[in-house]
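Trainee: Let the sequences and hints guide you as you build the complete structure.
Chains as they are written, first to last, in this note's numbering: chain A, 5 to 357; chain B, 5 to 357.
Please keep in mind that the hints were generated in silico from the structure rather than gathered at the bench.
Check each hint, because a few of them may be wrong.
Stated by the list, open to error - In silico DSS-like pairs for lysine-lysine, Cα to Cα no more than 25 Å straight-line:
| id | chain 1 | residue 1 | chain 2 | residue 2 |
| --- | --- | --- | --- | --- |
| 1 | B | Lys-113 | A | Lys-231 |
| 2 | A | Lys-231 | B | Lys-323 |
| 3 | A | Lys-267 | A | Lys-69 |
Protein chains: 2
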Amino acid sequence: MEHGGDLLTYKDKYRGKLIDFSSNINPLGRPKGLDKAIIEDFKDLEAYPDIHYRQLKESVAGYLKCKTTNVILGNGAVEIINNFIILADRVVLFKPSFSEYELRARVHKKELLSINYLDDFSLNRDKLKKELKRGDLLILGNPNNPSGLRIPLEELIKVYKLLIEVGGFLLLDEAFYEFCPWDYDSILLFKEYDYENVSIIRAATKFFALPGLRLGYACGSDYTVEKLKGLEMPWSINSVANTAGQNIFSDKAYIEESKDYIKKEREFLLDELSKIRGINPYPSHTNFILIKLLNVDEERLFKYLLKEGILVRKCSSFKELGNNHIRIAVKDRQKNEILLEALKKLSRKGYLG
Amino acid sequence: MEHGGDLLTYKDKYRGKLIDFSSNINPLGRPKGLDKAIIEDFKDLEAYPDIHYRQLKESVAGYLKCKTTNVILGNGAVEIINNFIILADRVVLFKPSFSEYELRARVHKKELLSINYLDDFSLNRDKLKKELKRGDLLILGNPNNPSGLRIPLEELIKVYKLLIEVGGFLLLDEAFYEFCPWDYDSILLFKEYDYENVSIIRAATKFFALPGLRLGYACGSDYTVEKLKGLEMPWSINSVANTAGQNIFSDKAYIEESKDYIKKEREFLLDELSKIRGINPYPSHTNFILIKLLNVDEERLFKYLLKEGILVRKCSSFKELGNNHIRIAVKDRQKNEILLEALKKLSRKGYLG
Numbered sequence: 005m006e007h008g009g010d011l012l013t014y015k016d017k018y019r020g021k022l023i024d025f026s027s028n029i030n031p032l033g034r035p036k037g038l039d040k041a042i043i044e045d046f047k048d049l050e051a052y053p054d055i056h057y058r059q060l061k062e063s064v065a066g067y068l069k070c071k072t073t074n075v076i077l078g079n080g081a082v083e084i085i086n087n088f089i090i091l092a093d094r095v096v097l098f099k100p101s102f103s104e105y106e107l108r109a110r111v112h113k114k115e116l117l118s119i120n121y122l123d124d125f126s127l128n129r130d131k132l133k134k135e136l137k138r139g140d141l142l143i144l145g146n147p148n149n150p151s152g153l154r155i156p157l158e159e160l161i162k163v164y165k166l167l168i169e170v171g172g173f174l175l176l177d178e179a180f181y182e183f184c185p186w187d188y189d190s191i192l193l194f195k196e197y198d199y200e201n202v203s204i205i206r207a208a209t210k211f212f213a214l215p216g217l218r219l220g221y222a223c224g225s226d227y228t229v230e231k232l233k234g235l236e237m238p239w240s241i242n243s244v245a246n247t248a249g250q251n252i253f254s255d256k257a258y259i260e261e262s263k264d265y266i267k268k269e270r271e272f273l274l275d276e277l278s279k280i281r282g283i284n285p286y287p288s289h290t291n292f293i294l295i296k297l298l299n300v301d302e303e304r305l306f307k308y309l310l311k312e313g314i315l316v317r318k319c320s321s322f323k324e325l326g327n328n329h330i331r332i333a334v335k336d337r338q339k340n341e342i343l344l345e346a347l348k349k350l351s352r353k354g355y356l357g
Numbered sequence: 005m006e007h008g009g010d011l012l013t014y015k016d017k018y019r020g021k022l023i024d025f026s027s028n029i030n031p032l033g034r035p036k037g038l039d040k041a042i043i044e045d046f047k048d049l050e051a052y053p054d055i056h057y058r059q060l061k062e063s064v065a066g067y068l069k070c071k072t073t074n075v076i077l078g079n080g081a082v083e084i085i086n087n088f089i090i091l092a093d094r095v096v097l098f099k100p101s102f103s104e105y106e107l108r109a110r111v112h113k114k115e116l117l118s119i120n121y122l123d124d125f126s127l128n129r130d131k132l133k134k135e136l137k138r139g140d141l142l143i144l145g146n147p148n149n150p151s152g153l154r155i156p157l158e159e160l161i162k163v164y165k166l167l168i169e170v171g172g173f174l175l176l177d178e179a180f181y182e183f184c185p186w187d188y189d190s191i192l193l194f195k196e197y198d199y200e201n202v203s204i205i206r207a208a209t210k211f212f213a214l215p216g217l218r219l220g221y222a223c224g225s226d227y228t229v230e231k232l233k234g235l236e237m238p239w240s241i242n243s244v245a246n247t248a249g250q251n252i253f254s255d256k257a258y259i260e261e262s263k264d265y266i267k268k269e270r271e272f273l274l275d276e277l278s279k280i281r282g283i284n285p286y287p288s289h290t291n292f293i294l295i296k297l298l299n300v301d302e303e304r305l306f307k308y309l310l311k312e313g314i315l316v317r318k319c320s321s322f323k324e325l326g327n328n329h330i331r332i333a334v335k336d337r338q339k340n341e342i343l344l345e346a347l348k349k350l351s352r353k354g355y356l357g
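Mentor: Right, dumping it as C-alpha cells:
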C-alpha cells in the first residue's frame, strides 16, 4: 500500500537532497528540549516501559482534557485504529480516506461498507442513514485525509446521533487536529455523553513532528478502554515515545507558534496555488492540500517535480480520485516557495496543459 | 495478564530501590556506543522510518546469517507472534509457556489446542502427533519460558518433520537464544529447508538489554515474508529501534562477554540455589531459573523478598505450575548474592518450611 514519506525509494532517482512534500509533518520540527529529556531517560531503555503507562496516561489526559481512565494508547494511531477494527462487527468507511482503514478491516476479515464522499468531500448522510446497522464501526477522518476538511459541528452531531440510534460506534481519526483552525474540540464535545459509542484518536506523529517515535493516543469511555485492554499488546509504546509523551505537551509556546505558522503558510500556499494555471487546489483546514491536475496526469507531474528535487504524494492509490490528483504538505516558507516556483515554471512551459 | 518487569506496581510497597529479578534482561546492560548512534540519528525522528526498513533488514540478515528477503520485523517479538497467529487456522501450544501465545490466539478468536509439557518440561510428542492437523500453527519457546530449556536438536527435527507431514507450521520463539550454551542454530539448520513451514523469532529485547526499544525480528521463507507483508502495520518499528538494529550486532566483544557472563552466573546461581533448603531450582539453559517452593506458597515468599528489596516473578499465572513456583533472572554477581543471602536468611529462619 502506498503511503507518503517514502523518501528512500526516490533518493537514488534524484541526485541531491529531496524536499519531502509527501509526508505531512509540522515544518517547525520537534519541540525544543525533547532531545534532552530523551537522553536523560536513556537508562529506561534497559527496563520494560511501565506496562500500564501510568505517567504517560496522566500526561495525555492533561493535554486532551479527559480523565486518565479515558486514555487509549497505541504504537502510532494505526495500532489504535487496528484495535478498534478487531472489535467491530462491520467497518463503515467514507472514501477517499486513509488507506489503512480498509486494509486493517481486510486483514481482520471484517465485513466492509464503503460510501463515497460527495463531490465537495462532505458526508453522504442519507446513504449512511439507509445503510447503518447495529455493531457498525464508522471511521471518519476529521479532518479527513486526503481532503483536509473538518466535519462541520452540526453534521458531526447528526452523524453521532444516528450511530447512537442504531447502536453503532463512531471512531474519529483526528491525527491532524491541531493543524486546523479552532472550530470545536470533539473530546470536550463528547465528554457530556461520557464518550458513549464514540472515541477520538489524536497523535504526536504529525503535529509534534515525531513520526519516528510512534505515539498515538485516543480518548474513549471507561467501557471502551476496558474492552481494548483485552486485546492490546503488552509494551506496545516504546520507552522513547513514553518519555516524549511526558514532555511535549507542556510546551505551550511551541504549540501556539506551530498553529500560527501553519495557518499563515496554508493560506499563503492556497492563495498562490490558485493563481497557477492548470491546477486546482481544494480548500483545506489542515497542513496538507489536495490539488486537482486539470490537464496532466499525476505520474507526469510527479516526475517533473522529482527532477526539481521535490517529492509529492501521488493520489491514485485513493482510487476514487483517479490519476489526476496530488497532495502536498504545508512546509516552511522557503520550501513552499521552491514548490510554487517549480509549479509556476512547469505551468509557463505548458507542462500543466 | 501478569508479566515480569512491573516495577512501578511494587515501588510504593518498598521504600528504597527494588532489585528486579522478575524481568530477564542482560545484566551487562545495553551495548556501549549505542547511545551515541541514537543521538546522532535524532534528526530521523522527524521523518517516517523507511517503510520497507531496507537498511535494518540488511543488518539483521547479516546477524542472523540469512538473506535480507528472509527477514521479518516487529514492534517486539510479540507483534511478530501476533501476526503469525492472524494467519493460522488453529494455534497449538505447549504449556506452561509465555502467556501471550494464548492471549493473542484468543484475541483473534482462533481455535486453540493446549498440550501440557511432560514433568521434565520435555515435549509430549505422542500427543502432538495424534492431535496435529493441516493448517496448525505450533508455537514453541526455544528455550521455553518459564522452564528455560532448549529443545534438543533431534527432538526439534522430529517435530518439524511431523509438521511438514501434516501441513502445519512451526514457529520457534527464540527470544532468549543468545543466553544459551551453543547447541545448534535453528536459522542455519532450517536454511537447507528454505524455511519451508517454519519461522524463527529472535529479539533485541533480552540479550541486548533493550526492552524499551521494541525490536523483534525473525527469519522465514520468502513466501512467509510475503504473506506477512499483507497484514503488517506500516512503520511499526520506531526510528530509535531502527537505528539500534543497525548498530548493536557489530559489537562482537559485547556479545561474547555477555554470553560468558551469563554462563558463569547461571552456573553459580544454580549451584548455590540447590544448596538452599526448601527450594528446588530446575535446570536452565538460559538467563532465568524456575524454582519450585517445597513448603511455602509463592505469595508468601514474594512478600518476604519484597521486604528485602527484591522483586521476583510469581508463576501462578502459568496455571499448570500451581502457586508454588517463582522465576528469577540471572543478574550480576553482586545482585545474585543479595538474592542468595535473602533466600538463605529466610531458609535459616524456617520461612521456607
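Trainee: Hint by hint, note whether the structure agrees.
Mentor: Here is how each hint holds up against the structure:
For the hint linking Lys-113 of chain B to Lys-231 of chain A, the alpha-carbon distance of about 15 Å falls within 25 Å, and the restraint holds. For the proposed pair Lys-231 of chain A and Lys-323 of chain B, the alpha carbon gap of about 24 Å is at most 25 Å, so the pair holds. Distance restraint check for Lys-267 of chain A and Lys-69 of chain A: the Cα-Cα separation of roughly 24 Å lies within the 25 Å cut-off, and the hinted pair is therefore satisfied.
Figure legend: structure checked against the earlier numbered hints; every hint is met.
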